[in-house]
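**Student:** Residue numbers (this note's numbering), protein chains in the order written: chain R, 1 to 218; chain F, 1 to 332.
One or more of the hints may lead you astray.
Just a sample of chain R residues kept apart from chain F, beta carbon distances all over 10 Å, derived [stated by the list, open to error]:
#1 Asn19
#2 Ile51
#3 Leu151
#4 Trp169
#5 Asn170
#6 Glu191
#7 Glu205
#8 Gln214
Dumping the calculated SDA-like pairs for lysine to any residue here, alpha-carbon to alpha-carbon at most 20 Å [unchecked claim]:
#9 R:Lys218 with R:Glu173
#10 F:Lys275 with R:Val174
#11 R:Lys218 with F:Asp106
#12 F:Lys122 with F:Lys133
#13 F:Lys122 with F:Lys93
#14 F:Lys93 with R:Val174
#15 R:Lys218 with F:Gly171
#16 F:Lys93 with R:Glu155
#17 F:Lys7 with F:Lys275
#18 F:Lys133 with F:Arg209
Stretch by stretch, here's where chain R covers chain F in the computed footprint (C-beta under 8 Å, at least three residues) [stated by the list, open to error]:
#19 26–33
#20 215–221
#21 287–296
Think of the hints as simulated: they come from the structure by calculation, not from any bench. Source: prediction; values computed, not measured. The C-beta atom is built at its ideal place from N, Cα and C for all residues, glycine as well.
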Amino acid sequence: MSLQIASHEIRHVLVVEDNPGAREGYQYTLEDMDLEPVLEMGPLGSLDAYISTVAGRCEAAICDHHLKESGYAGFNGAKLVAEMNSRRQPAVLCTAWEEAVVDEIRLFRKDIPCLLKPGEFDPESFQRALEVCIDEFRGHFQPSRYPSRTLVRVEAVDQDNVYVVLPGWNPQEVIRLTRAAISPDVHLYIEAGARLHARVNIGAERQDELYFDQWEGK
Amino acid sequence: MGAIVAKRKLAILDVGHGNCAVLQDSNGVVVIDAGPGNALEMYLREQEIRRVDVVLISHADQDHLGGLIALLASRAVEIGRVRLNTDSSKGSKIWDDLLYELELLDQDNRLDFQPFLTREDKGAYDQGSIEIKVLAPSKYLAGRGPGSRDRHGRRILTNSLSAVIRLSEKGIPLALFPGDLDEVGLENLDCSADDLRAPLLVFPHHGGRAGTSELKTFVRELCDRVRPAKVIFSIGRGRYGTPLLEVVSAVREHVEGVWIACTQLSEHCASELPKVHPKHLNREFAQGREGRKCCAGTLVIDLDRAEGLLPIHGDHQAFIGLAAPSALCRRV
C-alpha cells in the first residue's frame, strides 16, 4: 500500500531516530498506515555523505532532532529534515526539544513545514504533516507558515544575540535571535533602534514557530 | 479609483484579537481598521485584491493598526489613501513603526497619508454605492487629543477618539464600526439619533471593559442609540478574556432577539476546541480556521444578494450548540 498526496506516492518512510524503542514505535505506526518503514540503525556519518543515500530508498521521512550526542549521526535532525524538504522530499521533524533548542531549529525552520511532538505522532497527524510539506512544495502555505515581508525593529544587541520586535506580528513581544539567524548581508545595519525588513511567517502564533528569511537592510 | 470589483461585499475579518473590515464596492476597496498579523494580507491575497483605495484606522491601538504596518511592509497591495488620527499620548514605538512604513511609501509618492480622520469627511471615502460616513471624532475632540479633557472635564483617552464609521446604502444603514469607543467618546458624539442606527454593530473594545466604569450603562446607551439586530465581537481566543459576560448579558438584556456572533470561540464559551474543523464557516480567510479557533469566523455580507450576514444564523447556532457548552450568548 502507499499514500498518494498530490503527485507524491509515498510507500517507504525513512525512520531516523537514535533511540531503538522510539524507532520501534514509529515502525508500528507506519505499519498501521500500511507504509513500509525504512529503519536507520546508524551510524549515519556526515549529512553530505548521508543525504546522497536517501533519495532512492524512501519517499518521505520522520526524524528525531538530537542525533549527534549518541554518535548515531554526524548531524542533527532539523538539518536533515530541512535538507530533504528543500529537495522536495517530504520530511517531518518529531522532537520534544522544539522550545529548548529554538535557536538551532530556527536556523532551519523555513524548510521544516511541520514539527510534531512525540506524543502527537499518530497516523492522522503524520499524514497531515506530509500534506503540509507537499503543499509548501507547491507554493501553498498555511497562514501560519506564509512568509510575509515585514518590518523588524531592533530593540537591543549583545555579543551573540539580537533582540527584535515584529510590529506587524506582536509589538509586545521581544524575540531573541542569534546573529547566525540573520543574514550576514545586513549585519552592518544591526544596532538598537534600526529597522530592517525580512520575510517572516507572521501568521504564526508562537515565537518559536517564526522563521526569518530574505533580510533587507538600508 | 481602484479596479472594478467583481463581487461587492463587506467582510468582517477574523483577525484574532483586533478589528478589521474590508468593503469591496463597485469602484474600489476600503479597509476599516487592520488588526495585527497577516490576516488582512492573507484575505486580500485570497480575494485577489491588488489595490486598497482607502484605509481608515479608528484609533492608534495596535489591535487596530498592527495589520496596516504588516500590509504596508508586505508590499502585497497598492494602497491609495490612509487616514487616522495622530496620537501623541502613545509616544509609542509602534506608532513610529507605522510612520516609518508610511514615510517609505510616501517618499515614492505611492501613498496619500494624512494624520486625521474626523466626522467632517462626508462622502470622501465612498467607492461605489455604499456610503461611508465618519460620525466621530469631532474636530474639537481630535484637536484636544488624548490625555486632555473634554468640555465637561472628562479625560480623553485614545479610545475616546475612536473614529465611528457607519456604512449605508441608499440611505439604509448597513453596519456601524465604532472602533474602541468609550463612554467619553459616546457622550461626545455629536450626531442625530438616526445617524447612529445600524442593524449590525461591531461592538467596541471587543466586548471588554474599555476603561468604562459603568459598563452596563455604557452598553445600554450604545445599544439604545444604535438599535442593532446583530452584534459582533471581534475577539482572539485566549486573549484578554473578551467578551466579558457582563457585556454580552447587557447586550442581550437591552436588545431583544439580538444575534450575537464572536469571530473566535471564547474560552468562556468552550474550554476545549472542537475536535474537527467546523463546516459552518464562510470560505473567506479566517485567522482562527487553521487552529480550529473560529466561532463565527469571518462574517460576510454579499451586497448584491439578499442572504444577509453569513455564516447562516442557523448553521452558526448549531455549531454553538455542539462546540460551546457554556456559550455566553446563551447563558441564562
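**Student:** Could you run down the list of hints and mark each one as holding or not?
**Tutor:** Quick rundown of the hints versus the structure:
1. In this structure asparagine 19 of chain R is separated from chain F by more than 10 Å, as the shortest Cβ-Cβ distance comes to about 30 Å.
2. The beta carbon of isoleucine 51 of chain R sits about 31 Å from the closest Cβ of chain F, which is more than 10 Å, so the claim that it is off the interface holds.
3. For leucine 151 of chain R, the requirement that its beta carbon stay farther than 10 Å from each beta carbon of chain F is not met, with the minimum near 5 Å.
4. The Cβ of tryptophan 169 of chain R sits about 6 Å from the closest Cβ of chain F, inside the 10 Å cut-off, so the non-interface label is violated.
5. Annotated as non-interface, asparagine 170 of chain R brings its C-beta within 10 Å of a C-beta of chain F; the closest such distance is 7 Å.
6. At roughly 15 Å, the least C-beta separation between glutamate 191 of chain R and chain F is larger than 10 Å, which holds for a residue marked as non-interface.
7. The claim that glutamate 205 of chain R lies off the interface is violated: its Cβ sits roughly 7 Å from the closest Cβ of chain F, which falls inside the 10 Å cut-off.
8. Once the 10 Å rule is applied to beta carbons, glutamine 214 of chain R is consistent with being away from chain F; the minimum gap is 12 Å.
9. With a CA separation close to 24 Å, the supplied pair lysine 218 of chain R and glutamate 173 of chain R exceeds the 20 Å bound.
10. Distance hint between lysine 275 of chain F and valine 174 of chain R is unfulfilled; the C-alpha atoms sit about 32 Å from each other, more than 20 Å.
11. As the CA atoms of lysine 218 of chain R and aspartate 106 of chain F are separated by approximately 17 Å, the hinted pair is consistent with the 20 Å bound.
12. Taking the CA atoms of lysine 122 of chain F and lysine 133 of chain F, the gap is near 6 Å; set against the 20 Å cutoff, the hint holds.
13. Annotation: proposed proximity of lysine 122 of chain F to lysine 93 of chain F is violated, straight-line Cα distance about 32 Å (limit 20 Å).
14. Using a Cα cut-off of 20 Å, the hinted pair lysine 93 of chain F and valine 174 of chain R holds, with the two alpha carbons roughly 13 Å apart.
15. Straight-line distance between C-alpha atoms of lysine 218 of chain R and glycine 171 of chain F comes to about 49 Å, which puts the hinted pair past the 20 Å bound.
16. With a C-alpha separation of about 10 Å, the suggested pair lysine 93 of chain F and glutamate 155 of chain R falls inside the 20 Å cut-off, and the hint holds.
17. Between lysine 7 of chain F and lysine 275 of chain F the alpha-carbon distance is near 34 Å, which puts this suggested pair outside the 20 Å criterion.
18. About 26 Å separates the Cα atoms of lysine 133 of chain F and arginine 209 of chain F, which puts this hinted pair outside 20 Å; it is violated.
19. With 0 residues carrying a beta carbon less than 8 Å from a beta carbon of chain R, the stretch 26–33 of chain F misses the three-residue requirement, and the given coverage is violated.
20. Under the rule that three or more residues need a Cβ within less than 8 Å of chain R, the assignment of the stretch 215–221 of chain F is violated, with 0 such residues.
21. Given as covered by chain R, the stretch 287–296 of chain F passes the check, having 4 residues with a CB less than 8 Å from a CB of that chain where 3 are the minimum.
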